[in-house]
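The lines below spell out each chain.
Protein chains: 2
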Amino acid sequence: MIGSYCVFVPEELILAVDGVSVGLCAGAEFNFEGAETLLPRNTCSLIKSAFGFKLGKVCPYVESCDVVVGENTCDGKKKAYEIMGPLLRDLYVMDLPQMKSGSGRDLLKEEYRKFIGKLEEVTGKKVTADGLKKAAGIVNAKRAAVKRLAAIRASDPAPISGLDALLVNQVFFYDDPIRFTGAVNTLCDQLELRVKKKNGVFPKGTTRVIVSGCPMAVPNWKVPLLIESGDAVIVGEESCVGERGNRWLTEVKGDTVEEILDAITDRYFNIDCAVFTPNPSRVGYVKEMAKKLHAQGVIHYCLQFCQPYIMESGPVEKELEESGIPTLRLETDYGQEDAGQLKTRIEAFIERLKQR
Amino acid sequence: MIGSYCVFVPEELILAVDGVSVGLCAGAEFNFEGAETLLPRNTCSLIKSAFGFKLGKVCPYVESCDVVVGENTCDGKKKAYEIMGPLLRDLYVMDLPQMKSGSGRDLLKEEYRKFIGKLEEVTGKKVTADGLKKAAGIVNAKRAAVKRLAAIRASDPAPISGLDALLVNQVFFYDDPIRFTGAVNTLCDQLELRVKKKNGVFPKGTTRVIVSGCPMAVPNWKVPLLIESGDAVIVGEESCVGERGNRWLTEVKGDTVEEILDAITDRYFNIDCAVFTPNPSRVGYVKEMAKKLHAQGVIHYCLQFCQPYIMESGPVEKELEESGIPTLRLETDYGQEDAGQLKTRIEAFIERLKQR
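Chains as they are written, first to last, in this note's numbering: chain A, 1 to 356; chain B, 1 to 356.
Quick caveat, the hints were computed from the structure, so don't treat them as lab data.
Careful: at least some of the hints might be erroneous.
Treat identical chains as interchangeable: a pair holds within one or across any two.
Straight-line alpha carbon distances no greater than 30 Å define the calculated DSS-like cross-link-like pairs of lysine-lysine that follow [to be verified]:
1) K318 with K57
2) K109 with K134
3) K100 with K118
4) K291 with K57
5) K114 with K100
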């Protein structure tokens, strides 16, 4: 059982050694007092939450994992894994590139190769081309299912709430992949019926927004709840828990481990996380989403102290606004203290969208 | 004229094309209102200052630079360069590794090779083995001079204040290297005479501290001034503007550009900046400094929102205290609002050191 906190950890490789991949708890304000004995106060809620759960021994996944895989994404996580190491049975840290260059891709592939070595060592199993191909097929099918769900949300009236769709994207990290794929496809069948009957969870013409930015781990539903309790529906998430995590499939060509590993590397190297510099494709895709999902505006969501996304949010807002897509930038944490203030700002933004 | 903000940008390569290397202004609370129109408020003072100076056009160095070299160190700087690019004539961003691995070193060497290409393109000159060897000699001599100064500070009474020594370490980034080397060696001659005569700037037996952490760019003298206005003397700086920037020389072996570039890469790859994970040699060296400079304690200095150093400060404090070296962790910015509070904390810490 391999636990992780990031979409750069390839489930394909874990499945190829018959492992179970699971996303670890990091979405609730649990035991932050404990976390702050080890971490600076000015650390993002996601990292504090991971520590709070671990220290409190209340995340069943992290407690039962054989290996926890860390990764050098942001400074916060990169340095936090140094502090987390001694708390865990086996922490394995994966390096990641910071630029979309040739050597960046080489580094990623090399790290995936090393990770295969680690998995083989832990499981005593060997990664084969067949196993890897089968694993890529399973994960592709899972991604295709959530992509199907994402596409259905282009309909008006919206057949599913953003909150429910987010939950699907969150469960993506926990459930058995084959069972999950089946369940999401069944859900999509039902939603397609709804679309046909023009049944929606909100009236036709409800203001539609995209949420873009930091990932929302279970049960971090604060901002989506505020948006959809107002007079708007979320029709897409440009997030690691959402389209950024799923828009690319692995295009397997060839029959050797090397060739399939190349395809997997290419797939993950596409991910346009804000830790990359520069990272122009991300805002490009937000624009594309707004268009294809018929959204009137974008709510940019940042966790406080998440430097990569906060730094990127200014230029992203500027580019979206200049493209005629109104954007609201929010910066918050897992606490509920600012819920009233956020509600007011979100309502004012939705009002702005309605005036257009 | 090549400007930079980081000790990972090799002056040797710049000198090898007869360029001038200069550290750019980032040490004063200047035009933060302007900077905050482009940057998040929760950005460290050093980055805000760089933007403030650029927007106000008051740093003569950045205004006259042909190229400004950015580097992917921390998230803050990495993402800030994306925003800074359009403000500059020519911004060149260098990628940096995050781990001290074989592929990390390969990446650094490759980046230095690309940087040579950029320098050759801008200057129209060719880097030769002779030119590179001569440049390495010039920079080595400059580093040897500040290392000589650092070693002299082991004497009690302290022959030079920490504030003056910091100024030398700051001017390191601005002055002509040959002139600077001469001036520092002259200063060292004078200090050695003082040591012989047992003349000090503070009485013998004054409490001695090491300052460790974030770099202090001109004119960021806030914390050293508070320390030395109290009843203590700073005898060493474990900082990029200090020993971390200078403790390694380039050990040139061989006569080809390739071999010298290898030596330069090895030299820079030693730098134990907190952006690396893990980064154990840094705290190891702080302990070594405390011993050889006869310091009674360490003041760990962090700029607010500088995640790598803030994250590292907890484990560093723990290891130092466990080694019997009392440590005070400070987190501040370029403002003067907290000067009173810092003074009280520093005085209490010095009192603790005296009681031992």
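Results of checking the hints against the structure:
| no. | hint | in the structure |
| --- | --- | --- |
| 1 | K318 with K57 | between (43 Å within a copy, 23 Å between copies) |
| 2 | K109 with K134 | within (19 Å within a copy, 38 Å between copies) |
| 3 | K100 with K118 | both (25 Å within a copy, 19 Å between copies) |
| 4 | K291 with K57 | neither (44 Å within a copy, 40 Å between copies) |
| 5 | K114 with K100 | both (20 Å within a copy, 15 Å between copies) |
The structure fails hint 4 only (numbered hints given earlier).
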